[in-house]
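Peer 1: Chains as they are written, first to last, in my numbering: chain A, 1 to 341; chain B, 1 to 488.
If you're looking for bench data, these hints aren't it; they were derived computationally from the structure. Don't take each hint at face value.
[Unchecked claim] Incomplete in silico selection of chain A near chain B, CB under 10 Å:
(1) Cys-5
(2) Arg-102
(3) Val-104
(4) Ser-107
(5) Ser-110
(6) Val-116
(7) Ala-215
(8) Ile-259
(9) Glu-310
(10) Thr-313
(11) Phe-316
Glycine residues also receive a C-beta, built at the ideal position from the N, C-alpha and C atoms.
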Amino acid sequence: MALLCRVAENMFWLNRYVERAIAIIRVVDVTAHLELDSGDPDAQGVDFWIPLLGPSLETGPTNGSADAPAPLPHDVRYYLAFDPDNPSSLVSCVRHARSAAREVRDSISSEMWEQVNTSFLMLGEPDRVRDLEEDLHAFYRRVRDSLLLIQGLADATVAHDEAWQFLSLGKYLERADNVSRLLRQHCHLLTSGAVASSGDDTVRWLAVLRSAGSAEAYSRYYSLRVEPTRVLEFLLLNPLFPQSVRYSLGAAWEALKSISGATMAGSGPPVRSLGMLRARLEHTSVDEVVEFGLEEFLASVQDDIAHVSERLTRAFFRYAPQPGRDRSIARAAQIMAAQQQ
Amino acid sequence: MTTTASRPGVFAYEPGEFWDEMFVSAGEVRPYYASLAQALSTLSHAEVERRQRAADLSFQARGITFAVNQGPEGVEKIMPFDLVPRIITAEEWRKIERGLEQRVRALNLFLDDIYHDGAILRQNVVPPELVLGSRGYCREVRGIEVPLGVYTHIVGSDLVRDESGEFYVLEDNLRTPSGVSYVVENRRVLKRVWSHIFHGYDVRPVEGYAQDLLDVLRAVAPQEAEDEPNVVLLTPGVYNSAYFEHAFLAKGMGIQMVEGSDLFVDDGMVFMRTTRGPQRVHVIYRRVDDDFLDPLAFRNDSMLGIPGLLASYRMGRVTLANAPGAGVADDKAIYAYVPSFITYYLGEEPILPTIRTYLPSEPDELQFILEHIGELVVKSVNESGGYGMLVGPHSTRAEQDKFRELVRANPRGYIAQPTLALSRHPCWVDDHFEGRHVDLRPFVLFGREVKVTPGGLTRVAMRPGSLVVNSSQGGGGKDTWVLADAST
Numbered sequence: 001m002a003l004l005c006r007v008a009e010n011m012f013w014l015n016r017y018v019e020r021a022i023a024i025i026r027v028v029d030v031t032a033h034l035e036l037d038s039g040d041p042d043a044q045g046v047d048f049w050i051p052l053l054g055p056s057l058e059t060g061p062t063n064g065s066a067d068a069p070a071p072l073p074h075d076v077r078y079y080l081a082f083d084p085d086n087p088s089s090l091v092s093c094v095r096h097a098r099s100a101a102r103e104v105r106d107s108i109s110s111e112m113w114e115q116v117n118t119s120f121l122m123l124g125e126p127d128r129v130r131d132l133e134e135d136l137h138a139f140y141r142r143v144r145d146s147l148l149l150i151q152g153l154a155d156a157t158v159a160h161d162e163a164w165q166f167l168s169l170g171k172y173l174e175r176a177d178n179v180s181r182l183l184r185q186h187c188h189l190l191t192s193g194a195v196a197s198s199g200d201d202t203v204r205w206l207a208v209l210r211s212a213g214s215a216e217a218y219s220r221y222y223s224l225r226v227e228p229t230r231v232l233e234f235l236l237l238n239p240l241f242p243q244s245v246r247y248s249l250g251a252a253w254e255a256l257k258s259i260s261g262a263t264m265a266g267s268g269p270p271v272r273s274l275g276m277l278r279a280r281l282e283h284t285s286v287d288e289v290v291e292f293g294l295e296e297f298l299a300s301v302q303d304d305i306a307h308v309s310e311r312l313t314r315a316f317f318r319y320a321p322q323p324g325r326d327r328s329i330a331r332a333a334q335i336m337a338a339q340q341q
Numbered sequence: 001m002t003t004t005a006s007r008p009g010v011f012a013y014e015p016g017e018f019w020d021e022m023f024v025s026a027g028e029v030r031p032y033y034a035s036l037a038q039a040l041s042t043l044s045h046a047e048v049e050r051r052q053r054a055a056d057l058s059f060q061a062r063g064i065t066f067a068v069n070q071g072p073e074g075v076e077k078i079m080p081f082d083l084v085p086r087i088i089t090a091e092e093w094r095k096i097e098r099g100l101e102q103r104v105r106a107l108n109l110f111l112d113d114i115y116h117d118g119a120i121l122r123q124n125v126v127p128p129e130l131v132l133g134s135r136g137y138c139r140e141v142r143g144i145e146v147p148l149g150v151y152t153h154i155v156g157s158d159l160v161r162d163e164s165g166e167f168y169v170l171e172d173n174l175r176t177p178s179g180v181s182y183v184v185e186n187r188r189v190l191k192r193v194w195s196h197i198f199h200g201y202d203v204r205p206v207e208g209y210a211q212d213l214l215d216v217l218r219a220v221a222p223q224e225a226e227d228e229p230n231v232v233l234l235t236p237g238v239y240n241s242a243y244f245e246h247a248f249l250a251k252g253m254g255i256q257m258v259e260g261s262d263l264f265v266d267d268g269m270v271f272m273r274t275t276r277g278p279q280r281v282h283v284i285y286r287r288v289d290d291d292f293l294d295p296l297a298f299r300n301d302s303m304l305g306i307p308g309l310l311a312s313y314r315m316g317r318v319t320l321a322n323a324p325g326a327g328v329a330d331d332k333a334i335y336a337y338v339p340s341f342i343t344y345y346l347g348e349e350p351i352l353p354t355i356r357t358y359l360p361s362e363p364d365e366l367q368f369i370l371e372h373i374g375e376l377v378v379k380s381v382n383e384s385g386g387y388g389m390l391v392g393p394h395s396t397r398a399e400q401d402k403f404r405e406l407v408r409a410n411p412r413g414y415i416a417q418p419t420l421a422l423s424r425h426p427c428w429v430d431d432h433f434e435g436r437h438v439d440l441r442p443f444v445l446f447g448r449e450v451k452v453t454p455g456g457l458t459r460v461a462m463r464p465g466s467l468v469v470n471s472s473q474g475g476g477g478k479d480t481w482v483l484a485d486a487s488t
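With these hints in hand, go ahead and build the complete structure from the sequences.
Peer 2: In structure tokens, the structure reads:
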């Protein structure tokens with residue numbers, strides 16, 4: 001069956017949001033551990049959390065006010081995970097994922113839809129979530145598993161047709177974006193003087209690995225102690241490990257190739273930009289990256305991912321813009337309510 | 001407490017002066033309910049609670065919900081589900097089935113007539129001004145030959161029972177009747193949470209609905225589609241209160257669910273926008289009201305519709321189910337004339353009776369309505385879902401005065417009927433049974449033949465004493481068992 005543009009778009013975003021939600025959980029959970037490892041959670045804990053806010057600091061938990069007291073770790077954690085007003089919090093991502101899944105409810109399996117819905121309901125009671133402070137780790141784990149199950153069911157219960165390729169494309173593009181952002185948040189560790197790792201830095205780099213769910217795989221691959229450049233190499237350039245940026249872009253490329261192999265002529269631009277980005281990651285070494293400037297390199301990777309996403313939208317999802325559509329639909333729905341049979 | 005505790009809860013039930021679906025009198029169940037009553041009486045309160053919770057969770061987790069306040073901030077609710085099924089015997093069902101088939105055939109002949117030469121209007125069997133002045137009458141579709149002469153491919157008629165146990169047709173829903181997903185889902189959930197109460201009953205399955213519907217939709221495809229018609233379901237989108245049902249049906253039929261913006265008309269043909277370019281659409285099962293179908297023909301502010309759709313429809317290059325303009329026949333004033341349609345077109349006596357209906361457009365009847373408004377149910381002819389109605393005996397003086405004014409000001413806009421003593425069915429409330437008023441909405445499919453799905457949605461007015469069963473007004477549902485011949 002041919003694929004509706006609207007369905008393709010929702011498939012893509014459904015899995016992007018699920019992937020993003022998983023990434024948020026990993027980072028928040030790992031940072032909580034890092035904070036405990038630092039020994040004095042009250043004094044310095046927040047230092048671990050501030051970088052996670054990234055550009056959202058402006059409108060983050062302090063509301064951008066310079067006079068406001070520095071946020072407590074608890075506030076940052078709430079903002080990242082449970083704040084419904086933060087559009088990229090965990091709960092918001094899961095809500096967006098569910099909205100997308102509702103739109104394509106007839107195109108995904110019931111099992112998959114129910115799992116999305118279950119994950120949403122799990123996060124749906126903010127009071128209960130606050131009670132969980134005590135055992136937050138177990139809760140994060142449950143939610144993470146629930147989200148991973150969505151992806152598992154997507155692979156196991158949905159035919160691997162064109163619609164599924166959009167799910168796959170969304171997942172891997174988002175993962176490449178998340179991992180490169182994670183590295184960017186920590187690249188000051190690498191560039192601030194000595195590359196040799198002190199004890200503290202080792203803990204931090206281990207945390208970076210954990211945040212990408214990659215600590216064990218790293219140890220197995222290198223079987224040596226955590227070295228910043230090796231971590232970078234592993235997460236950025238490893239060809240086999242599914243959390244690495246290179247691997248993710250390769251998988252996204254495969255998905256896009258099989259989509260555009262069968263579709264319209266307009267699919268050229270996204271294929272070209274993703275192809276170039278992927279080639280760049282494939283043919284570079286970690287030394288070249290450091291020489292080029294890590295921060296700049298990662299920034300350009302993220303920019304390129306954003307371009308790919310934009311071009312996908314123009315090539316596959318929207319031939320023509322439809323401004324104000326949501327509002328009109330909501331209004332019409334109200335009028336129709338009175339006529340519901 | 002001690003007296004009731006010593007007796008099984010199921011028998012400590014007071015049927016009251018209504019027709020009770022389960023009990024003949026206090027302590028005595030109808031024969032076909034005996035096995036069910038037996039199963040119920042052995043259950044502890046805790047066990048019923050547990051199953052009720054399991055059922056609620058199942059609806060919640062599977063997202064079987066309807067939206068209460070439409071729009072982006074709308075709240076999704078599950079329809080309250082009562083565990084005790086409603087049973088209809090094979091004999092009762094045969095009459096319902098025959099009665100509905102007769103009614104649906106007559107209604108389609110009526111529609112075909114009034115959109116062509118209008119013989120019934122010229123012979124004054126029904127006042128022409130009533131038909132032509134109805135809000136549901138659609139001049140834009142006059143003279144169109146619809147495939148197989150079918151206008152109402154899907155009908156959901158509401159039936160009620162009075163004190164004597166007789167089934168009456170309360171109204172017909174001929175535009176976009178909803179609720180069939182609950183017929184199927186209530187059964188699935190009940191099987192899941194309480195499989196052993198099915199023991200001893202031969203209940204006719206309802207699973208086949210979606211496939212039957214697909215057969216109907218394929219049968220009415222335009223000729224040029226040949227054997228490969230592309231059938232789609234048009235939904236108003238996620239904000240619509242019946243969105244779950246749209247997805248449910250699209251999935252059950254394996255067809256694409258589309259929104260208005262997914263479709264466009266080019267060169268008289270309808271296409272959907274796909275990642276592989278435009279793809280032709282032949283049949284649209286539309287769950288969007290007439291007014292919103294085509295902004296060029298109807299409401300020009302509709303963003304749900306497809307510009308040019310009606311032109312394509314007039315050319316016979318796309319089939320719409322149900323046909324635009326079918327709504328004229330479920331106008332509540334025209335309802336009063338359906339028995340005469342049956343006689344006029346089929347030469348038969350109506351099998352299912354209708355409710356005596358007073359039309360304020362007739363001076364005598366207006367007078368009667370104004371004098372007896374406290375005993376009558378007054379309804380707006382164009383609204384449904386339990387909106388715009390007055391239940392006389394349950395109303396205040398002020399509400400009655402307001403409706404007198406409304407009726408006087410717009411006699412064509414209202415009808416009145418006697419307040420029915422709707423039948424009741426025991427429902428589980430806290431730790432015991434209480435009687436609640438119920439109705440029945442069977443679903444009728446009409447393509448090459450008429451097919452009534454053996455089951456239906458039993459809607460329950462959950463508030464004690466209430467006669468309003470609509471889900472938008474807090475009504476709930478029950479699984480509805482139609483027994484196969486052998487088990488009665």
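Peer 1: At a threshold of 10 Å, is the proposed contact between A/Val-104 and chain B supported by beta-carbon distances?
Peer 2: Holds - the Cβ of A/Val-104 comes within 10 Å of chain B, reaching about 9 Å at its closest.
Peer 1: Closer than 10 Å between Cβ atoms is the bar; does A/Val-116 clear it against chain B? Give me holds or violated.
Peer 2: At 9 Å from the nearest chain B Cβ, A/Val-116 passes the 10 Å test, so the hint holds.
Peer 1: Going by Cβ atoms only, is A/Ser-110 closer than 10 Å to chain B?
Peer 2: holds, 7 Å
Peer 1: Per the CB criterion, is A/Cys-5 less than 10 Å away from chain B?
Peer 2: holds, 5 Å
Peer 1: At a threshold of 10 Å, is the proposed contact between A/Phe-316 and chain B supported by beta-carbon distances?
Peer 2: holds, 5 Å
Peer 1: Next item in the hint list is A/Ser-107. Is there a CB on chain B closer than 10 Å to its CB?
Peer 2: holds, 8 Å
Peer 1: Would you check whether A/Glu-310 satisfies its interface hint, that is, whether its CB is within less than 10 Å of any CB in chain B?
Peer 2: A/Glu-310 check fails; min Cβ-Cβ to chain B is 17 Å, beyond 10 Å.
Peer 1: Less than 10 Å between beta-carbons is the criterion; does A/Arg-102 satisfy it with respect to chain B?
Peer 2: holds, 5 Å
Peer 1: Does the CB of A/Thr-313 sit less than 10 Å away from some CB of chain B?
Peer 2: Hint violated; A/Thr-313 Cβ to chain B Cβ min 12 Å, cut 10 Å.
Peer 1: Does A/Ile-259 meet its interface restraint, that is, does its C-beta lie within less than 10 Å of any C-beta in chain B?
Peer 2: holds, 7 Å
Peer 1: Is the interface hint for A/Ala-215 satisfied, with its Cβ closer than 10 Å to some Cβ of chain B?
Peer 2: violated, 34 Å
Comparing the model with each numbered hint stated earlier shows that hints 7, 9, 10 do not hold.
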